[in-house]
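Visitor: Using the hints, build the complex out of the two chains.
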Amino acid sequence: MSRLSPRLASRLLIAASNLLPNHLSPWARAMERELAEIEDDRSALLFAAGCLRAICGLAIAERLGSPRAAIRRLPFPPPSTWRISAMKLVPTRPRTLALVCGAGAVGLGMAYMAAAGAPSRYLIVNLAALILGASLWLALGRAAGTGPRQPGAMILALAATLVLTAFFGMAADGATRWVSVGPLNVQVSLVVLPVMILLYSREPQGIGTAGMGAAALALALQPDRAMAGVLAAGLIALLLARPGRLPLVAAGSAVAAFAWTMIVPNTLPASPYVDRILFTAFDIHPLAGLAVVAGAAALAAPALAALRGGTDERPALIAFGACWAAVVAAAAFGNNPTPLVGYGGSAILGYLLSGALLPGGAVPAAGRKRSGARAAGGDRADPGSSELSVPNLA
Amino acid sequence: MTRKRALSNHARALLGALLDAGGRWSHGYELASLTGIQSGTLYPLLIRLEAQGYLEAEWQQPAAGGRPPRHAYRLTTAGQRLARGEAIAGADAGAGWSKREPARS
Numbered sequence: 001m002s003r004l005s006p007r008l009a010s011r012l013l014i015a016a017s018n019l020l021p022n023h024l025s026p027w028a029r030a031m032e033r034e035l036a037e038i039e040d041d042r043s044a045l046l047f048a049a050g051c052l053r054a055i056c057g058l059a060i061a062e063r064l065g066s067p068r069a070a071i072r073r074l075p076f077p078p079p080s081t082w083r084i085s086a087m088k089l090v091p092t093r094p095r096t097l098a099l100v101c102g103a104g105a106v107g108l109g110m111a112y113m114a115a116a117g118a119p120s121r122y123l124i125v126n127l128a129a130l131i132l133g134a135s136l137w138l139a140l141g142r143a144a145g146t147g148p149r150q151p152g153a154m155i156l157a158l159a160a161t162l163v164l165t166a167f168f169g170m171a172a173d174g175a176t177r178w179v180s181v182g183p184l185n186v187q188v189s190l191v192v193l194p195v196m197i198l199l200y201s202r203e204p205q206g207i208g209t210a211g212m213g214a215a216a217l218a219l220a221l222q223p224d225r226a227m228a229g230v231l232a233a234g235l236i237a238l239l240l241a242r243p244g245r246l247p248l249v250a251a252g253s254a255v256a257a258f259a260w261t262m263i264v265p266n267t268l269p270a271s272p273y274v275d276r277i278l279f280t281a282f283d284i285h286p287l288a289g290l291a292v293v294a295g296a297a298a299l300a301a302p303a304l305a306a307l308r309g310g311t312d313e314r315p316a317l318i319a320f321g322a323c324w325a326a327v328v329a330a331a332a333f334g335n336n337p338t339p340l341v342g343y344g345g346s347a348i349l350g351y352l353l354s355g356a357l358l359p360g361g362a363v364p365a366a367g368r369k370r371s372g373a374r375a376a377g378g379d380r381a382d383p384g385s386s387e388l389s390v391p392n393l394a
Numbered sequence: 001m002t003r004k005r006a007l008s009n010h011a012r013a014l015l016g017a018l019l020d021a022g023g024r025w026s027h028g029y030e031l032a033s034l035t036g037i038q039s040g041t042l043y044p045l046l047i048r049l050e051a052q053g054y055l056e057a058e059w060q061q062p063a064a065g066g067r068p069p070r071h072a073y074r075l076t077t078a079g080q081r082l083a084r085g086e087a088i089a090g091a092d093a094g095a096g097w098s099k100r101e102p103a104r105s
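So the sequences go chain by chain: A and B.
The working numbering puts the first residue of the first sequence at 1, with every later residue one more than the last.
The working numbering puts the first residue of the second sequence at 1, with every later residue one more than the last.
Treat the hints with care, as some may be off.
[To be verified] Now the stretches of chain B that chain A is said to cover, found in silico as 3 or more residues with beta-carbon under 8 Å:
| hint | region |
| --- | --- |
| 1 | 22-31 |
| 2 | 34-45 |
| 3 | 68-81 |
In short, the hints are calculated from the structure, not lab data.
If you're wondering where the values come from, they're calculated on a predicted model, not measured in any experiment.
Beta carbons: idealized from backbone N, C-alpha and C, even for Gly.
This is chain B alone, in the form it adopts within the complex (with noise of 0.2 Å):
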């Protein structure tokens, strides 16, 4: 699949949080923290990840007994050659983009 529009900046420091995860499964709030991008943003940013195949999602049971299923996040393949594509598109373009860098609104 290609995409055919820019990714956002929104996008580009949730795709470098999820990179930075590695194969660690994350969670909404830990994202929503680690990239200053709101809520309201990042559920439809990853409802439209995983929509294009660039994201797994799962419901997982915590270490904690007793507590609900949390769903969890990570990238795929081609999301991970989605985001270091990004990062070094960002990097060549000299916009000093970075994995931690907050998201502006």
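Chain A with its partners taken away, still in its complex shape (with noise of 0.2 Å):
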């Protein structure tokens, strides 16, 4: 049997380790050097699964507290730290709150959708999709100290994705907003959209203000009512919190566009786990409605820290609540799809995108405190990296 898969495994090891600190990272090349020694493929790939799994839990519980907390959370999370870490997060990390509120969304959607028998390829895709976002999420927490360097441009390039969907695309019932990535159909405009109006919201530019446009145009020609919809609410809230010039002609473009996409018939038919499952979930069991409400409710909650945010911060916050109520409202009134809860990655990846811009979420490296680190096995460390260590717990 061929090494490929394992030999893949392996690299996704290598690149997850990067999620991990300094102070964790041998423990993941440790796992890659074990994959190594597996000879079946199929319990190499199964290992690995389960390392990439670990490295995933270790990064994210590294970036919802200190070193400390992220190893006494695993495997054995006391309650009260995850209360008082989330009643920590709500005024000074949206952010991070906006990853907590995502995995919660998506993982009362897989709840519904197991209690309503959907296919299991469908709790797969939504998992997978997870995962990827909150991968991506933490990549560009990284980067996220000092903000886009060009986020006009940023916001150029996303929008001709959706002007090349609206002449390239997959087309569907008169509608034209997909594009097909190997066995599954992506909606471009769920994935970049908000992560346009959270670039726009953080400096509104002439080149980015061209680029809501051209969004704004791609939504009208696709057509989308749902997404020119949110684009016309993201960029109004925006308005209203940064009043402005040019923030007027992007919310003037986007309202426009929507206007458009109101006169032009939508036909598209209700897809079963997808479209109206706000209201069908209750028919399956009343638990399973609430688990479908409570998931989309919650993904405006990042926005509640600009009730206490700082002026800069606002702006973002304000145009991220409203983006994603949007879309909530836009699953409610029509055969649109109920985000993170239903099934659909696209959703999943344009939240946590999203959410990876908003202000105040990341914990400057500089900043954090670390104990005291440990080697394991004093001088016996690997020859070819450092010492392994980690923070000494007594």
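Guide: See below:
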């Protein structure tokens, strides 16, 4: 049998080790080297999958608190510490709260889908999207200190993907909104539009405004009533939080695009486990319905930090809240995807990517208090690497 | 140092396997196979045990040349005390815990 799959898994583990802080990364190396010793491919892949889960869990726990807490939470998380962490997140860590809310919503959605008898592939796709999104969230967090260097150019590039999708994407029932990625159909606007709104909210500039105009045009062309409404909601909220000529122009173009899509008939039928589940979930079981509603409602929670956030942070938080509230509203009022709680990885990626751009989430590495690291094995460190060390929890 | 919380079945199974190995060094996959613990649970456990001083870890050069070093583990004296204490507590409670029993997830 080919050793290609274990080799790829090994590469993946090496890449994932970058998510860990330095004092834990030797453990990822230990996992990767152990993987090389497993002869059976299936066993090696299962081992690699578990290791990847461990690395992601450690990385997320690390981001949620101190290194000491990261170790203490796994694998026996004391509930009291989670409650304390959650309380701390609300006023000061909207970015981290976005990850928690996103993961919670996906989890509630998976519970609903399992109860509703959805194909197991749907659950796997959502879980894979969550893992990918969380990884990107972590990766973006490492570069989030100063924010994107060229937000206007990034907005323009993302708008170009929407325009290209409108012309060359997959069409269904008169709408052209998707691109095919392997066996999956990705709704590009759900991934990039929230990111564009967050980027624009940081600093509305001329190039960014042109990008938002291009996005509005693309959504009118596709046509996509729901996402045009989302764009309008996000930009109107931004305009209210940060009045100015450029935000006014951007909001005006979005409202015009939304008005156009309201005229064009929307003939897309509802898809099971994707559309209208805010209502149909209650037919399965009241708890399934509550799970879906609670998961959807949680999506705007990070914006609550705007109540306490500084003036500079407020526009991004308000735009984020308006954007995702509009996605949920679109799902409630029409045959549009129910974000995160329904089947579909596009919204999961879009939520976590836009959440990664929220302010105030990353703990600066220099500000982290490290407890005294202790080398395991004393002087017997890996000759080709740094010593294995983790915080002393004594 | 003192433990404030009861150990999970996985932790007890891992301690049992390490205790069974005596002073011999064990590797990650070997421990996973012996205990039935998935790697996603095993490594956080190892990290925690090592951080609390119950486990020794070191990089070892394999006997066969040309292969990269492997990470190996064995209990410290404190870890052996903990593992024996857990074994006795498990037997006293009639839980039927065995160091060979695969952990349930």
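Visitor: For each hint, tell me whether it holds in the structure or not.
Guide: Hint check results:
1. 22-31: holds (count 3)
2. 34-45: holds (count 8)
3. 68-81: holds (count 4)
Checked against the numbered hints listed earlier, the structure breaks none of them; every hint is satisfied.
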